Structures are given as C-alpha cells and as structure tokens.
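Enquirer: So you can see what is in the structure, the chains are spelled out below.
There are 2 protein chains.
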Amino acid sequence: MIQCPRGTRDFLPDEMERRRYYEGKLRSVALRFGFRETETPIFEDAELFILRSGPNVLNELYAFKDKGDRDLALRPEMTAPAIRMFVNSMSNEPKPIKIFYFGQCFRYERPQSGRYREFFQFGAELIGSATPETDAEAIALAVAMIESLGLRDYKIRIGHIGVLRQKLADAGVPKEKTAEVLQKLDKKLYDEARPMMEDMNIGTHDVEEIFELTETVGGIEVIDKVPGEPGEYLRSLIGILSAMGVEDVEIDLGVVRGLDYYTGMVFEAEAPVLGAEKQICGGGSYTLSELFGGERVFSTGFAIGFDRILLAMEKEGISYEQKGIDAYVVPVSDDVRIKAAEITAMLRRAGISCDMDIMGRKMAKALKYASSARARFAIIVGKNELEQDSVTLRNMASGDQEIVQITELAGSVQG
Amino acid sequence: MIQCPRGTRDFLPDEMERRRYYEGKLRSVALRFGFRETETPIFEDAELFILRSGPNVLNELYAFKDKGDRDLALRPEMTAPAIRMFVNSMSNEPKPIKIFYFGQCFRYERPQSGRYREFFQFGAELIGSATPETDAEAIALAVAMIESLGLRDYKIRIGHIGVLRQKLADAGVPKEKTAEVLQKLDKKLYDEARPMMEDMNIGTHDVEEIFELTETVGGIEVIDKVPGEPGEYLRSLIGILSAMGVEDVEIDLGVVRGLDYYTGMVFEAEAPVLGAEKQICGGGSYTLSELFGGERVFSTGFAIGFDRILLAMEKEGISYEQKGIDAYVVPVSDDVRIKAAEITAMLRRAGISCDMDIMGRKMAKALKYASSARARFAIIVGKNELEQDSVTLRNMASGDQEIVQITELAGSVQG
Chain Z
78 MIQCPRGTRD FLPDEMERRR YYEGKLRSVA LRFGFRETET PIFEDAELFI
128 LRSGPNVLNE LYAFKDKGDR DLALRPEMTA PAIRMFVNSM SNEPKPIKIF
178 YFGQCFRYER PQSGRYREFF QFGAELIGSA TPETDAEAIA LAVAMIESLG
228 LRDYKIRIGH IGVLRQKLAD AGVPKEKTAE VLQKLDKKLY DEARPMMEDM
278 NIGTHDVEEI FELTETVGGI EVIDKVPGEP GEYLRSLIGI LSAMGVEDVE
328 IDLGVVRGLD YYTGMVFEAE APVLGAEKQI CGGGSYTLSE LFGGERVFST
378 GFAIGFDRIL LAMEKEGISY EQKGIDAYVV PVSDDVRIKA AEITAMLRRA
428 GISCDMDIMG RKMAKALKYA SSARARFAII VGKNELEQDS VTLRNMASGD
478 QEIVQITELA GSVQG
Chain E
78 MIQCPRGTRD FLPDEMERRR YYEGKLRSVA LRFGFRETET PIFEDAELFI
128 LRSGPNVLNE LYAFKDKGDR DLALRPEMTA PAIRMFVNSM SNEPKPIKIF
178 YFGQCFRYER PQSGRYREFF QFGAELIGSA TPETDAEAIA LAVAMIESLG
228 LRDYKIRIGH IGVLRQKLAD AGVPKEKTAE VLQKLDKKLY DEARPMMEDM
278 NIGTHDVEEI FELTETVGGI EVIDKVPGEP GEYLRSLIGI LSAMGVEDVE
328 IDLGVVRGLD YYTGMVFEAE APVLGAEKQI CGGGSYTLSE LFGGERVFST
378 GFAIGFDRIL LAMEKEGISY EQKGIDAYVV PVSDDVRIKA AEITAMLRRA
428 GISCDMDIMG RKMAKALKYA SSARARFAII VGKNELEQDS VTLRNMASGD
478 QEIVQITELA GSVQG
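Heads up: the sequence lines are chains Z and E, in that order.
Residues in the first sequence are numbered from 78 upward in steps of one, following this note's numbering.
Residues in the second sequence are numbered from 78 upward in steps of one, following this note's numbering.
In isolation and in its complexed conformation, chain Z is listed as follows:
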C-alpha cells in the first residue's frame, strides 16, 4: 500500500475544515491590517535560498535538477521568494509594500512532534520602510493573528540585534566571524561560543559581558540597560505598541534569530504549552533585496508556524465545532428519485448546503448517513406527500417531523 511520503500529511475532511477555518481567521486579520496577499512558486532557483541562508541550507533542502538541468529547490521558507518577487515586479510600487502569504514549505529533517517535512507557514512583510512604526505594525499584526485564533498562553519577546552586534564589534570580534558567534549565542551554546571567542583573543571580561547581554531579559525596564540608539529605538517601539494595545511583551536581548540578514529589531512568539519546540512565530527587520540583484531596501517581516500554532491550540483544549450541511434529501422509493434530485437542486440554488442519497439506500441507512454528514434536516421525499406537493422535513437533532410544502421548503430549512 502506498503511503504519503515520510514527514508529510494528508488532511482529511474534519481536520481540513478546521485548518481552513483558522487560515481564514489569519487571512482576515492581515487584510484588516491593510496587508495584501501574494503567492510565489512552490519551488525556486536553489541559489535563492543559498543567498539568503548560506550553503549549509542545502543540507536540509529538497533540491533537484529539472530536465533542463536547472538547480531547483522546494522552498524552505517564503521570505526569500517574497523579496525576489519584490525585486522582480514590485520595486516601483508605492512604499511601504505590505504583503502576506500562506502555504507549504519543505525541510528535509527528522520528523517529530510539530515538525514536518512539509509544513505550513503564514508570513507577512513590510517592504521599504524602516521606522519604529513599521516594526510595531509587524509585531501588532503577529499578536492580532495569534489572538484571533484564541490561543491563551503565549509570550512575545522583543530584542535588537544591534545591541549584540555592537558589543561584539567593540570587543573585537571580526565582522566576518560575527554571524558564526551570533548563531551560537542564539542557541545559548556558551560552551561553544567561549572557545570560539577566545581564539579571536576576546578577553574573558568581554566574553562574560556578551553572555550577560544575551541573558538580559525582562519587562520594559530592561531597556534602561540598553545603550545608545538601540535603546532609544526600543523605547519608541514599545510606546507605539502600547498605543496599539500590545502591552504584554518581554524585552530579551538574547533573541538573535539564526540569520545574518537581520538589521535591528528581532522578535519571537512562543507557546510554552509546546515544551521544547515552543516557538510559533519569529521575525524582525532585515535587508535582503540587494542579495537578489535589487537595491538595498529595509523591510520587516515575520512567519507564523501554522502547524505549530494549531498544535498549541489543541494542547490548550481549544475545540473547533465541525459544520454540517443544512439538509439531506432522501427519496423513499425509486419512482421519486427524479423529484428528489429536483428538490436538491432547488435548495442548492437557494444557497442551502444540501446533499441527497445517490446510492438508493433504505430510509434507516440514509438517515444514518445524514447523521454522519451532520445534516441539520433530513428531507424525506415520499409519493403520498408529493401528491400534495409536500415533503417531510425531519429535524435531525430533535427527531421532530413536519409536512412542508415544497414551495416553502427553502424558507423552513433556512429557519
């Protein structure tokens, strides 16, 4: 028996209905914030992702050659494609460009709870603007999205990559080594970061100060410990967020994000209920367009892990109520099947979701099917009632039945 490939999933109707419902929630929040949807291809020139993330990314890419010998890769994320699209087709549009997107991404890694080889991301980018308002808008959107799903326990942590970068530069870490050190600090791998910096002749005192900075976490008062421009920037950002109703944030100078292209503010959201794999959202301000052949343009963006956040909601016990159809039409005998089809079509034209027995089932079985389809009503089409242009309308929840004129059927179902 052929199964779906390892790390991928089929979404059956109940699960899919739930996913579409919450996808719709996220989309409507983004639209309400004045973001507009875009879509890019499932695969890209592999080079695009190497330019963004470095050659190591190849280890976890689904990379392949097409029949024209082009090096392609299934997208592992959608920021690089979005910025490529911007460089190709949108660079002359009025700024800021506010876009969002939703879709599959692919990473070849060991599947585990909340981590799939095919996973779904919701992302947004503000392109061409570099103000505290820009960053506030991105964070406010992320928060509104998470709130719209009903997730109760989550935490927003905001940092500024400039603080650590400046400190590393001041301590004498060479520019070309900064990314490497930051990656270790991002994962709090101090035992690996320490010898690395010692090899660069960074003094013990500086190393400790750097580690301390990485561990600087707390409420808004923490900003007082942030020197210079980044501190002022964060203070301004927090002020705007507060005006937008986003109050409950943590300042965490250890939020580094794994990637080189972040330029200033960085933020993450986590759902503690998920345990070790608790990050549900991450983003920040960056420049990327110049790597893809465009001008350098400041942007802020983030991505929400859709599978991860749905898992968090499940763990919080947020239940989704499946919708059923309005009516299920059951012909009592073969000679009324045509009439049943006519009634079904009439109800559908009236905007009523309606199904009918197409297998010639006996009444009891047909009603059982109606139940499994969560029909609110069964419409029983019998010869005797038809002579009075009527059918039997059965309320599936209560079992109550009444004879209804066909001309009044749509109204009765719509209630």
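No wet-lab data here; the hints were simulated from the structure.
The model shown is predicted, which means the values in this text are computed figures rather than measured ones.
Mixed in with the good hints, there may be bad ones.
Repeated chains share a single entry, so a pair holds when one copy, or any two copies, can fit it.
With a Cα cut of at most 30 Å, we get these calculated DSSO-like pairs of lysine-lysine [to be verified]:
| id | residue 1 | residue 2 |
| --- | --- | --- |
| 1 | K400 | K102 |
| 2 | K392 | K232 |
| 3 | K172 | K442 |
| 4 | K254 | K244 |
| 5 | K460 | K442 |
| 6 | K302 | K252 |
| 7 | K264 | K144 |
| 8 | K254 | K355 |
| 9 | K232 | K416 |
| 10 | K416 | K445 |
| 11 | K400 | K172 |
Chain Z is already provided as a structure; the job is to place chain E on it using the hints.
Expert: Same frame as chain Z, now just chain E:
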C-alpha cells in the same frame, strides 16, 4: 537578478485577490453540494503516478530522489493522491465519500498560453458509488462551479467509454491494445489509428464504424444510436441532470479521455474562447483504488483547470473589482503619531480594515498612498482637532471632509 523558475508565476496582490475570490466561489459551491475539502502533499511516491498513468508519465514529471534515496515526484494531478488517501485512511467511512481539493500541480512541459509548469487545479471525487445519480452529481457540480464564476460560453460534452470499448472488443481489438487505440481516437488521430488496427487484422468496415462512433456528436437524440446498456445509462443520466436543471449538454461518443482507468461515463467542459487549448474541465467514472493496494471501488471525479478557466473569463471580459481598505490614517505631525496608532488599532478592533502612515510622509503623499491602497476614507489626525477628541474624516471618492468625534469614528466609517 533571480527570476521565478520557467513556467511558474508570482501572483501579485491584485491578481491574487482575484484568484482567492474565485477560488472561494468554487469552494462554496462544492460545500453547498455536500462535498468536503481535503489536502494531500505536494509530492508523492513517484510510483503512485506511474501506477495511474503508466511509465510514460515520468517524461513530464518533476521527479527526484530525497536524501533517503526515495523516488518522489511533484504531483501532476490530484486524483491519484486523493484515492491513495482514501485507501490509506478513509475506506471505512460511510459511502459515498464526497471530497474536493484545490492546489498546485506540476508538469514539465513547454510553457504556452494557459499551460504552466506550476498550475492550479480544483477537483472533486465521489468515492464508493456507481449510479447515474453519482455521475449526475459530479457533472452538476462541475456545471454549478463554472456558472458560479460567471463564464458565459462553455460546452459540456458527455460520452460513455463503454460504447467504444465494446465496439473495439467486438471488432477484435485485443484487450491489451485497447488503451493504445483509445488514445489515438481520443486525439482523433485516425491516420495513426488506422494502420494500428489494420495490423490487428480489423476489417475496413469495422474500422470505419469505429471512426464513425468516435464522431457521433449531438443532442440527446444521439443516445438513440447508442446500443445496449451504455445507451440506457446515458438516458437515465440525462434525465437526472435535467431534473437538476442541467439541460444544455451534448452527447459525444468521441470523449475518450486519455487514461485507462475510466470505466463508464466520461465528460469534458470546454470554453471555445480559448481556441486550441479550450478544455477547462474533464472527468468521468473510474476505479483506481485497487492499483494502490485497496479494494476495487467505483468512483466519479473531475478536475477543473483553474488557470485555464480564469483565462477564459478574462477573454470573455469578465472584470473583477478590486477591494480596497476602509480607512487610511494620516498623522499630520510627529507629535500625534502615537494617537494615530491608537486610532488605527481601535478601528481594526471594530472590524474595520485600516492602515496608517508608518513612514512619516507629508499629507499630499500620504493621501496619494491612501488612493493607491483604494481606501474609502482617509482619517486625518491633527493636533487642533484632537483637542476636541476629533479627527477629520475625508471621503476619498468625493473629497468631502468632516470633523468627527473619535468615539463615533468607527460608526461613520462603517456607514
């Protein structure tokens, strides 16, 4: 500059909005017909598609090996994945199972008008039922979907693969050669079919009769020329379709569909406005599950080419009106920016789609941006008005302005 891969597309906001709008129309019709949505992975075991379509399919597949040496392929269509999913996870569900799906498919072929390497299909399957009602339901859904998009000029052609199969068998075409001959007949390649059949010692008279059958097209009266069971079946099907309000169909015994697994009714929809590549929908009744390790189960399904049908709509001049946002908030000076952010957030919480200037633009430029975002209103936040807890509400279409209390702003915008 990196471009998107050949045969793929970026969808920019205007186009994407239009696509999501029509995708939503198709989805809501399917739900109204009692179909439920499912989703399968973007790639599958390559074997799945070979089992469905034969090894020739490899020529147009995006096939690749993953790092675990598995042979995978981007899906070229979604019927095989849907039936695999049914065999894996849904075979015990009450029948009929009515599902639909929408997504990207991939074929490595020469890109041309309406043909892409990454293209979008909308499909539906009724699994586990083999009655005229089943086929009628599939055709009625396809028609309702096409109608919901507003396409005016399209044609539904219905055939029955059993007629030609029977005739070929009677004429002495060996069973294992039937698919090959049918493929030629499907494309009306008589010059290639003739020598093929002559090699099988089929008499000239029979060959001519076969060709004639393939050319048998017309209104419902054509059914009279269809012998035996298929004729009765088609008559019954047409009767149900007519009861469902689907009257305008053509009987065409030359509708063969390229594939081996069709068992009875086959149908196609075409939009003549598209010229040579005019097919927008195709389907029929089939069995496929037994190829994937399941029991043999009768099904009926179809797929609509989403890109193709959008192109047909465009050629018919069906225009889509872009939606804009409700309001764009413009702070007049820096000292009211926080207040502007507050107002923006308040309106969004009231369900109003609202954006604000985040770049510190001057009034004229900000209003220009509001125009480009198709905002219905601009909300001008100035210091003097704020002293009276008011802002200026500007109707972007008329240019009319009025002073509105902030507490009444949401109501004024919602009108």
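Enquirer: Hint by hint, which ones does the structure fall short of?
Expert: none
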